[in-house]
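Visitor: Note that the numbering used here has the sequence shown beginning at 307, numbered continuously upward.
There's no promise every hint is true.
[Stated by the list, open to error] Distance condition first, Cα-Cα at most 30 Å in a straight line; then the derived DSBU-like pairs of lysine-lysine:
1) K443 - K365
2) K347 - K365
3) K505 - K391
4) K505 - K364
5) K344 - K457
6) K391 - K503
[Stated by the list, open to error] Restraint ranges, calculated between C-beta atoms of paired labels, are given here:
7) K347 - T441: 20 to 26 Å
8) K391 - T441: 15 to 21 Å
9) F426 - M491: 34 to 40 Å
10) K365 - G494: 18 to 24 Å
Honestly, the hints are just simulated from the structure, not real lab data.
Where a beta carbon is used, it is the ideal one built from N, C-alpha and C, also for glycine.
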Amino acid sequence: MLKYLHTFIIAVILSLSFQASANNEENPYKLIERVADKTFKRIANEQQVIKNQPEHLKKVVTEELLPYVDYRYAAYKVLGKNFRKFTAEQREDFVHAFRDYLVSTYAGVLTLYKNQAVIFEPEQSVDGKKIVMITTKVIDEGKPDIKINFKVRRTKTQGWLAYDMVAEGISLLDSKRAELGGLIMQQGLDSVTSLLKEKAKRPIEIKEKDAK
Numbered sequence: 307m308l309k310y311l312h313t314f315i316i317a318v319i320l321s322l323s324f325q326a327s328a329n330n331e332e333n334p335y336k337l338i339e340r341v342a343d344k345t346f347k348r349i350a351n352e353q354q355v356i357k358n359q360p361e362h363l364k365k366v367v368t369e370e371l372l373p374y375v376d377y378r379y380a381a382y383k384v385l386g387k388n389f390r391k392f393t394a395e396q397r398e399d400f401v402h403a404f405r406d407y408l409v410s411t412y413a414g415v416l417t418l419y420k421n422q423a424v425i426f427e428p429e430q431s432v433d434g435k436k437i438v439m440i441t442t443k444v445i446d447e448g449k450p451d452i453k454i455n456f457k458v459r460r461t462k463t464q465g466w467l468a469y470d471m472v473a474e475g476i477s478l479l480d481s482k483r484a485e486l487g488g489l490i491m492q493q494g495l496d497s498v499t500s501l502l503k504e505k506a507k508r509p510i511e512i513k514e515k516d517a518k
């Protein structure tokens, strides 16, 4: 699985492009294609800016993807059963740090985007459903296809939001919950929040995909 990590994370970015506004709710199958298309067209059009100023990718992520990420729900899932052990201020600080960490992480991975193709499963009815699993296939030349399931949930005020993905039986949310949850128990929430803030501030570096 690690062999295909870069393509795997690029697919994660695509999965985080789910949302419908309260006034214009869309089917998540159509929505993911629309938002993903807009995001990657912008990256292509702003390549020169990105090359000269890699930090610009954080702006792209913040403007194009972050509005469609249920980072608060994911952050609360990471806190899990210990949620109420922390003060409201601690929880809010952690949520914002988690959000900025995601922005920095996805901005860094976007430097590897080289027009990988993503095929979506046929659209299905979502009537009456609160949770939907959407299957996609990532096509990267010279590598086996990767099937990835995206979990999206229907919120009361923001429409569909992505909150997790599962590839080869591994849940991204569960992995982060195990990783950060363990650190929270060992070092405390404030320490982990500070760690995420530090990671979020690291500069973005242009990377070459599959450098030879």
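Visitor: Next, verify each hint and record whether it holds.
Guide: So, going through the hints one by one against the coordinates:
With a CA separation close to 27 Å, the supplied pair K443 and K365 stays within the 30 Å bound. Distance check on the hinted pair: K347 and K365 sit about 15 Å apart at the alpha-carbon level, within 30 Å; holds. The hinted pair formed by K505 and K391 meets the criterion: a straight-line CA distance of about 25 Å does not exceed 30 Å. For the proposed pair K505 and K364, the alpha carbon gap of about 13 Å is at most 30 Å, so the pair holds.
Straight-line distance between C-alpha atoms of K344 and K457 comes to about 21 Å, which keeps the hinted pair within the 30 Å bound. Note on K391 and K503: the hinted pairing holds, with a Cα-Cα distance of about 21 Å set against a maximum of 30 Å. A hinted range of 20 to 26 Å for the beta carbons of K347 and T441 is consistent with their spacing of about 24 Å. Distance hint check for K391 and T441: the Cβ-Cβ separation is about 37 Å, which falls outside the suggested range of 15 to 21 Å.
Here the CB-CB span from F426 to M491 is close to 38 Å, well matched to the stated 34 to 40 Å. For K365 and G494, the hinted distance range of 18 to 24 Å is not satisfied, since their beta carbons lie about 32 Å from each other.
Going down the numbered hints, you'll see the structure goes against 8 and 10, while the others check out.
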